[in-house]
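**Q** Going down the list, the protein sequences come from chains U and Y. The working numbering puts the first residue of the first sequence at 1248, with every later residue one more than the last. The working numbering puts the first residue of the second sequence at 317, with every later residue one more than the last.
Take these hints with a grain of salt, some might be off.
Stated by the list, open to error - So the derived label-pair ranges between C-beta atoms look like this:
1. U:Gly1255 <-> Y:Ser345: 30 to 36 angstroms
2. U:Glu1346 <-> Y:Gly392: 27 to 33 angstroms
3. U:Gly1255 <-> Y:Leu489: 53 to 59 angstroms
Said to hold, decoys possible - Reference listing, derived: stretches of chain U covered by chain Y, where coverage requires no fewer than 3 residues with Cβ under 8 angstroms from a Cβ of chain Y:
4. 1269-1278
5. 1323-1329
By construction, these hints were calculated from the structure, which means they are not laboratory data. From the three backbone atoms N, C-alpha and C, an ideal C-beta is built for every residue, glycine too.
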Amino acid sequence: MIDPELLGAHRQELRRGTVVLACLLALRTPGYGYGLLKTLETAGIPSDANTIYPLLRRLEERGLLSSEWNTEDTRPRKFYRTSPTGVAMASQLLDDMTELAASLQTLNGGDTR
Amino acid sequence: MTTLTERYLVAALQGIPERQRGDVERELSSSIADAVEDRVAAGEERAGAETAVLEGLGDPARLAAGITGRPAYLIGPDLFFEYQRVLISPILLAVPIVGVVRAAIEVGNDAGLGDALLQGLGAAITVGVHLFFWVTLMFVIAERTGSGRFGDADLRKLMGGWSVERLPEPPSLARVGLGDTVGEVFTLLLTVAGLLVLRGFSSFTDDSGAVITILNPTFQETWVPVLIAVLGLLVILRMVIFRIGRWTLPLASVHAALEVAFSGPLIVLALTGSLINPAFAREVGWPPLADGNGVVMLGIVVGVVLVTAWEIFDGFRRARHP
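The following block holds chain U by itself, in its conformation from the complex:
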């Protein structure tokens, strides 16, 4: 019997690093904060608003995202788009992620998918 609290904590730990990758991948198509939350949720990578909003700003500061205010909609929204550097990094991180998954499968004794 797995303690659900312990499982939750480890799951969160495991997902923490993937949120950045998910944002960089999703924002290759420009998006705004709340829209991104929904996109991630639909994609099966749910995250919290209070994690995503600060994260978007940090990624922008590091030059991985660029932003632009769009005032044509019903209300002004800040749209983020993954920068060329961000795209390159996302592809690198995705390769690492795939490799990691494969390595874990090998450790598990099964065949890599």
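For this one, chain U is given, so just place chain Y on it according to the hints.
**A** The following block gives chain Y in isolation, referenced to the frame of chain U:
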């Protein structure tokens, strides 16, 4: 009436630097509005939806800290162990020394023993609190200026960072650590305090009203200052030994000389009956107390000889140890 969202924004923006405020405010308010609209479209009541969204965002101070990247802790894991190292040794060293010195000064000023102990305790606590506060403040600043967070190796070294040189030596009798030094210095200062207490402490007065001291007046006036000076030299020696890190034969020789300089006068004075005030011995109703051939003085002599011999032997024994 201000809405909950407006109040939330005000609280969150307090933690945001001026130049980012407008941008953060616009983005945050449109994000909150988006989320509320979404819930309302799904059939929720507006007020309930607003509350749910804001509660989902959580403490505005925490959100602001996330946006600005400010740490939500005083001292983080990067600096914690340096902090611990820098904090603990000065406190262990300074607090007892300051306490004893202060108490001794008060006794020297003829304050009562209880008063002196209270003053000493007060001084010790003050020094401890000050050290704790200033060292902590220094590390909190280091943490916030960012140098600590990004693992700036130089800063960490400055703060007493770890390197292989810091690995503890295998235990050896010759090596002298902080603990030994603090213990020895503490004992020496306690002896000084003891001498000062004996000098000023007596409840008897003679017919003319003058205080009858416990210690023989000649001993008190001439020898007590000398003995305290020797004890002071012993304190300095202990610190030198600590600096060097181990006992050596020259240090053990100096130590032996100082021990003899302390015990020699004490033994001679005890054997000639010049240690205790004869008048005091008469007052307590036991004249042999001050007698050089009495059992008390002989006991003192035997005790002093044994302790001194052990101390001298111990110094050389440690010096010869690898």
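**Q** Hints broken by the structure, by number, lowest first?
**A** Of the numbered hints given earlier, the structure breaks just one, which is hint 4.
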